[in-house]
Amino acid sequence: MSAIRVPASRMEKALAETGWRVMVPSGAGRKGGYVELRAGGRLPRECGDHTKPSTPPKGLVFPNNEELLSYVLGVKGEIEVGPASHTMARTVLYGTPPCDTASFRALDSALLKDMAEPGYAGKRGLLGVIGMACSRAGRWCFCTSVGLSPRSNIGADLMVYPDGDDLLVERVSDRLDGLWKRLEAGAAGADEKALRAVEGKFVPRVLNFVFEAEKLADALEKAFGSPYWKEFSERCVSCGICTFLCPTCHCFDITDVAKDELSGKRLRTWDTCQFPEFTGETSAHNPRKERWARQRQRVLHKFLYHPRNHGHMMCTGCGRCIRYCPVDINIAEGVMRLGGSK
Amino acid sequence: MRDYRSESARLREIVSGLLERGEVELVVAWTEGEDRPRTRETLIGKGREDLLRKVVWSPFCTTSTVTFLKKNKAALAGKRLGVVVKDCDLQALNVLLQEHFLKREDLVIIGVRCDGLAEADLFPRPEGAEVPITSDGGGVTVGKQRRAWEDSGFTTCLTCSYEDMKPDHVVGEYGRKKGKPEWGHLARLQALEPGKRREHYAALFESCIRCYACREVCPVCACVECAIDPGERAITPRTAPSVKACAPVWACRERSVSENAVYLLTRTMHMAGRCVRCGWCERACPVGLPLMEILDLSNDAVRRVYRYEVGRDPADPPFLASYAETDPDDKGAGH
Amino acid sequence: MTVETPTTGAGTGFEPRIVAFICNWCTYAAADLAGVSRLQMPPNTLNIRVMCSGRINPMLVIRAFSQGADGVLVSGCHMGDCHYITGNYYARRRLLTLKSVLTGIGIEPERFRVTWISAAEAQDYQRVITEIVENVKRLGPLTLFRDGRVVARETTGCAEG
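Chains as they are written, first to last, in our numbering: chain A, 1 to 342; chain B, 1 to 335; chain C, 1 to 161.
Just chain A, with the same shape it has in the complex:
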């Protein structure tokens, strides 16, 4: 059986029994993040653009400030390297909308596939994702244009479809089997038909930005030299909002920080292709000195390079970069203009 019907209270109880840390959308207005559910707290019963926090869940497994190693120089000149902590408390993310859920596929493809990055892999192994079907699209949402939908379960370990006081729970991977077994015991099974019936409630609304995914990569490749890039980014201020708030952006910078002459640490922090010094070379040459070149890189990485290499876009259509951009730069508008338009 891959789907069951349980009362929402049962999910709360089962999660509490596991003793895992449960992170839920803060839902505290316009700006916030995923926060820890306090003991006895109520799990969110619905999800949508109105509950989507401004900061994505990536920070849990890909923190903005991560210690990669520490070192101490001994009196005789020996160097002791401290082990990096690639761990965190066992955590379940609950109630992520499909755009945030799918972000883990994108992050995994970059940081786990081929060559696993230990800092990410360590924490990712301790994270379970319970996605939830999204019942309200926002003004900036465009998940249906990037191969997702308000009910897609990509990236989820369990997928939850709210149905009145009940939840239809679908098992997507075996990662949360411990929890699944607790839920499954004595629960009513849900067959494919019941699942599809509830799923049908989470249909895509008419979205403001729609583009054709299939031909996009080719169109963008041809548009590499387009003069539109300059117009697209003439008002860009080169801040890091679009990338720091992006659920899939994962560029980082590594800095050695000396505590004193004898000890220090190596840190990893978020970096963004929008900062001028991102591509700065030691020789002081900078191949992406201009803002339009940096914006082009952001768009093409998401819609051309990553799909070519990994078979899916590195954008989940969550709309955060559009919503929080201080100067109204709209990635969907740009993509539509450059050849993806329906």
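Quick caveat, the hints were computed from the structure, so don't treat them as lab data. Hints are supplied without guarantee of correctness; some may be wrong.
What the hints assert, rightly or not - Capping the alpha-carbon separation at 27 Å, the derived lysine-lysine pairs in DSSO-like fashion look like this: (1) Lys79/B with Lys54/B; (2) Lys230/A with Lys73/B; (3) Lys144/B with Lys177/B; (4) Lys289/A with Lys103/B; (5) Lys331/B with Lys137/C; (6) Lys73/B with Lys196/B; (7) Lys180/B with Lys166/B; (8) Lys54/B with Lys259/A; (9) Lys230/A with Lys54/B; (10) Lys31/A with Lys196/B; (11) Lys54/B with Lys144/B; (12) Lys46/B with Lys230/A.
Since the model is a prediction, treat every value here as computed from it, not as a measurement.
Chain A is already provided as a structure; the job is to place chains B and C on it using the hints.
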């Protein structure tokens, strides 16, 4: 009652007149975006009827055209420009003129009389080609949706006192009494014990993700190279220590209370006598930090202790590049 | 720049670390005079000689605090006596604005002092240093930058270079 459709039409007349007569090569103005009622700054040249048609002035012109000038300084150098400004933008423009960042003779300034701004995202996306946007003393109306000024997301506009600045062309008339700078939020914080205040500000510093949006959107944060950034210098084995010493790392990339504090405090000091309290940094902050709480610490000193009026006149000396013999001294513990 | 805990000091209690930026033409000479005159004062200060108080960038003060200083002193020439005519006037406006900001975020005013001490005023120098050390001792360590005392590798490289 102000009707922004007719004021926008008047603005379009002025802009197209300037371009037609060849008084300016390019104009920086707000145009309607894809996501109305949001607006965006746009560079308009002669013959760009498509853009000219979209030129707009409304309380949703929340971005700063001066930031646009700052960001495109190199590309626009030596060109004669028209620039549409709100009162706070003009204030910021004056700061940049005082510092010789821009040349007054290169600019034709078109001032719009601003009664306050409103967050576009709080209003539903309007349908139809023409959307009536009006305002009065009490609030803003878009179609059928009305919000009070206090409820429109722009707290700094409520205490904005700038008016009757002298641009070259004027569009619109004030429809609302201007406020007074108000420091109530500071007074509440300053009433706390120093230890509690430190906790409050440490929490603020800790949440910063260092996206630098506050710095980048700021119309007067105009340094070509920010002291906080590593800088673009080639470092080779032969680079002299004296050259390296010119580019110290003031704040490293660590996201911690102390490093974030160095960034935010430095910015506050660099904004002393330059901050026009437009509040854009605070609104742009993606994690919702109350940045005015820290900027106002220097704003308060500049305006109340030193009686310095920021950006009133391009001929005024910049605050930190001037002094008075009567400036107060350190009173030791009792400052 | 790291600020070392003084190894000498009275008793076992908290020994504050004070960074003093002092002007070459006045306060530095006053400190010198205080030394040769054998005036007693606490050894908790790290004196940094600069050519003028006008050279003090607010970032130097902010950085000193973030690196673990419990107090900072900037001391220059009396108004009108600046070796460079007006350097201290600019410094006064800049540093006292900084003081408002630092006081605002909860750094007690006793921790950041701006004084004017001439080359002849060794006793004033002794008094100011004694006062600031005593005051900061009473206030305890500065807790705002609790994760402080961090130096970027590049900075150290510059200092060594």
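* Asked: Can you name, in rising order, the numbers of the hints this structure does not satisfy?
  -> 6, 8
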